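As given, the protein sequences belong to chains A and B, one line each in that order.
With our numbering as the guide, the letters of the first sequence map in order to residues 10 to 536.
With our numbering as the guide, the letters of the second sequence map in order to residues 10 to 536.
A few of these clues could be false.
As the list claims (entries may be wrong) - In silico lysine-lysine, DSS-like type, Cα no more than 30 Å apart, as pairs:
1) B:K512 x A:K418
2) B:K208 x A:K189
3) A:K322 x A:K14
4) B:K322 x B:K29
5) B:K155 x B:K237
6) A:K263 x A:K189
7) A:K102 x B:K135
8) A:K419 x B:K516
9) A:K237 x B:K418
10) A:K208 x B:K419
11) B:K419 x A:K29
12) A:K14 x A:K76
13) A:K452 x B:K14
14) A:K459 x B:K516
15) A:K208 x B:K189
What the hints assert, rightly or not - For the chain B half of the interface with chain A, some residues (derived, Cβ under 7 Å), not all of them:
16) K102
17) N394
18) M446
In case anyone wonders, no lab produced these hints; they're calculated from the structure.
The structure presented is a predicted model; accordingly, all values stated were derived computationally and were not measured.
All C-beta atoms, glycine included, are put in the ideal place defined by N, C-alpha and C.
Protein chains: 2
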Amino acid sequence: MISWKNLDTLSAYQSLCALKGRVKLQEAMAGENGARRVAAYTVPMAAGLQYHFAAKQVDDVVLAALKELAREAQLNEKYEALYNGDVINTGEKRLVLHQLTRGQLGKDVVADGVNKRDFYVAQQKKAADFANQVHEGKITNAQGEKFTTVVQIGIGGSDLGPRAMYLALENWAKQNGCFKMEARFISNVDPDDAASVLKGIDVAHSLFVLVSKSGTTLETLTNESFVKEALRAAGLDPARHMVAVTSETSPLAKSSDYLAAFFMDDYIGGRYSSTSCVGGAVLSLAFGPDVFARFLQGAAEEDALAKETDLMKNPAMLDALIGVYERNVQGYPATAVLPYSQALSRFPAHLQQLDMESNGKSVNRFGEPVSYVTGPVIFGEPGTNGQHSFYQLLHQGTDIVPLQFVGFKKSQAGMDVTIQGSTSQQKLCANVAAQIMAFACGKQDENPNKSFAGGRPSSIIIGDQLTPEALGALLAHFENKVMFQGFVWNLNSFDQEGVQLGKVLAKRVLAHETDGALKAFSDLMDI
Amino acid sequence: MISWKNLDTLSAYQSLCALKGRVKLQEAMAGENGARRVAAYTVPMAAGLQYHFAAKQVDDVVLAALKELAREAQLNEKYEALYNGDVINTGEKRLVLHQLTRGQLGKDVVADGVNKRDFYVAQQKKAADFANQVHEGKITNAQGEKFTTVVQIGIGGSDLGPRAMYLALENWAKQNGCFKMEARFISNVDPDDAASVLKGIDVAHSLFVLVSKSGTTLETLTNESFVKEALRAAGLDPARHMVAVTSETSPLAKSSDYLAAFFMDDYIGGRYSSTSCVGGAVLSLAFGPDVFARFLQGAAEEDALAKETDLMKNPAMLDALIGVYERNVQGYPATAVLPYSQALSRFPAHLQQLDMESNGKSVNRFGEPVSYVTGPVIFGEPGTNGQHSFYQLLHQGTDIVPLQFVGFKKSQAGMDVTIQGSTSQQKLCANVAAQIMAFACGKQDENPNKSFAGGRPSSIIIGDQLTPEALGALLAHFENKVMFQGFVWNLNSFDQEGVQLGKVLAKRVLAHETDGALKAFSDLMDI
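Model the full assembly from the supplied sequences, consistent with the hints where possible.
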């Protein structure tokens, strides 16, 4: 029997609060004790990744308290309920089924008279077949010429995740002979976004993927019109250049305006949709369906690990609990995501949405205000770039910001250069190792301006190379981390009511139905 | 006589602290009173921009306290000392002269026997002449063919600012007939960064701009070698394809490895160097020297406004002081930068460096620990994209995050579409106006999950169009805001000692001179 309780009603949380400030990283990570922590505080992930948390402010006592919190908060039971099809998204009265896009974790989930795993797989298959036909030249433009570019039109979850995944695998695909089509993305209602993309591509050989679950997203429909106008201006028939990813009930579903339609449903939130056809269509077109299948495989294996009841074998749950300790006990307001991989340049932006939109909430799943802090601010840029930018504050600022590093031993593109006895990839890896220790241990100096206090916690996920499987595992890890944190905070992590008010007011502005300050600002913007 | 004092020793600060929580935006911004605030709380900026702070948690009483703080902290006097050539960067014993790259604000500054304004202008002229010769086909590759692409090799301040400025003006330049050359950027030591750029360009027609003040930046020199190897592999002479931007004393300055060298000096920090040749070379090559000159003009006018002693005529000082009130009195840990302009997609990343590297410090300018918080975490993405991502937390999360909006009435690219009675640009503007009010006033709902508490402060800078002048003004505004905040916090905003420890440890890793946890992490990364 699952009971959904606020964090501050759990006795394990009271015990955890008593452990505030317990671990001093400056001491814990020094000398051979530090090396022992690195060896011990490691959890295997899928696709050969490993989660290392030696430089987090935990020890065996804190870990025991986190285990107890996981037990009392019933994290395993809640995950089980989720993947077996309970109505976890209480606000919108929906199931939460994104994991089913990559594997069957529990019993069959039947909703609306349909086996949902079968449904998602069938849609992926439909997108795969379509992509294969495009690659084989069986689906072409009106002149019978092959499409060379795919352009995703979507915003939020229909943009950030698929875009981050595309960039993550672009160089890998080129190097491994599976790069099929260039992908571009149009998201912003700012007309300069669509204009810039359209001016940079050959529209006659471009295929547009329109992604909107409801079929009513303002930005996406506006950009669709923008694109259709450009196609017509070039003498092209838009219906020969567009496919839709939408729900079966949306106005786009059966329209003859599209070459094909691939379906998603209300049980997959936008920010969790990269493994559905929202990511599947564009990624299968760009890299081929086999690469997308490998990406799903990595995610499926990571999802299975999240079922582990032994906390030390469940990296997502452990990561989530350490995050709760940092946020609610240690009192840190933000978390930085720092991938040492240029291919992951937009991965932090995706995690920013995933985390902040899921858990940036002040009421629990029953709509009651909570009296503790929930989701932190998430931000980040790739290393080593960030080192020459905002790391100053991370090292010597007045607030402590926990850090999530990601690193790989091998590069993707297979080009490198040896300077001063080391390759660029070795320099990259040396830098992330060095940063972990600089943050943890700091360094005293006679000049206080050159002193580093240390005591700044980080974890790192290390992999061999950023492959499709590794990317899938990485994505699922963070999705599951966010899910577990939502369980601990007793939130509904799967709705986003906070985006509604702005939409309502914007419509009012466009209808000129405003007064007071809103009218004044509208006038200032010449609307 | 200037006296440098800690914030918490100022009596004006004690008065300000007594005003915590004074203004309730839900009430202040409601009805006609809200409209009156919008009209009153407006400060003109350069290039036709305006700074609007009606939706900040201030009123005339708070503003009076901020004025008194500005007076007691001697903000005008400290700025005057800076532009007249005092040693403001105390840690490194350097002048701070980036404003001289765009105008003469005070008396002549002579250092090292040179009039520094003349020096910076001469270097800009040299870069302009070079750019003109490239555009005219007088400087070509070995085959006598024109260069079509410019690639900046730099990191941190040599990358983020110039990259953000290039993206900001790319569409504008194309639309206004002054787009000369495509620009690309290589920054990360990750070999996949350089590999990806090199694979995407025509190296035979590419000109590389190597930017390193010291001539010793690891990433930049490594990427230079990377590029040179690629040039040689293509049968090209690297010396025919490269220019350097560096200091006169650097090993790069007189090398025959470059077609030309443009100089900067130690009085301009990397993050303040976009208006020096660090930005000037690449931007003049991309858009022509006239566009760069217009960009400088906007910055110069904004710099002049920062001299105003009337706080209501000095937008940078006012913005800075409101930020101090939010950070130190209201206790907010982060600030989001939200440009409603896709062209400003990387402007938040530049401000993230500018702000966090300048003021992310725990010791004052004398090296003594301060007992108040300093620089906040800065993050952001363009709107409307962010609305579909992390705005959920901004609206309904448990922490309040002050917001900095930027918006323009006109788009850049001159393409638009009318859907449901409004253009995309109107929709964009309607959204930002709506967001300001949604954040300020919120909305009560019977369902607490659909309730918005409001009371979330924001300001907006509004302009007619993102032109070179407007961009220069925008850049200078934030540089000066950060400078004034550094004065208030009694920090040295112009050094960055916090980046050093990581560099030292990374070298040790590469030399295999490690033990303990650092060796353990190095082993995990296969170094």
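Against the structure, the hints come out as follows:
no.	hint	verdict
1	B:K512 x A:K418	19 Å, holds
2	B:K208 x A:K189	16 Å, holds
3	A:K322 x A:K14	25 Å, holds
4	B:K322 x B:K29	25 Å, holds
5	B:K155 x B:K237	19 Å, holds
6	A:K263 x A:K189	28 Å, holds
7	A:K102 x B:K135	66 Å, violated
8	A:K419 x B:K516	19 Å, holds
9	A:K237 x B:K418	25 Å, holds
10	A:K208 x B:K419	19 Å, holds
11	B:K419 x A:K29	52 Å, violated
12	A:K14 x A:K76	17 Å, holds
13	A:K452 x B:K14	27 Å, holds
14	A:K459 x B:K516	18 Å, holds
15	A:K208 x B:K189	16 Å, holds
16	K102	12 Å, violated
17	N394	5 Å, holds
18	M446	5 Å, holds
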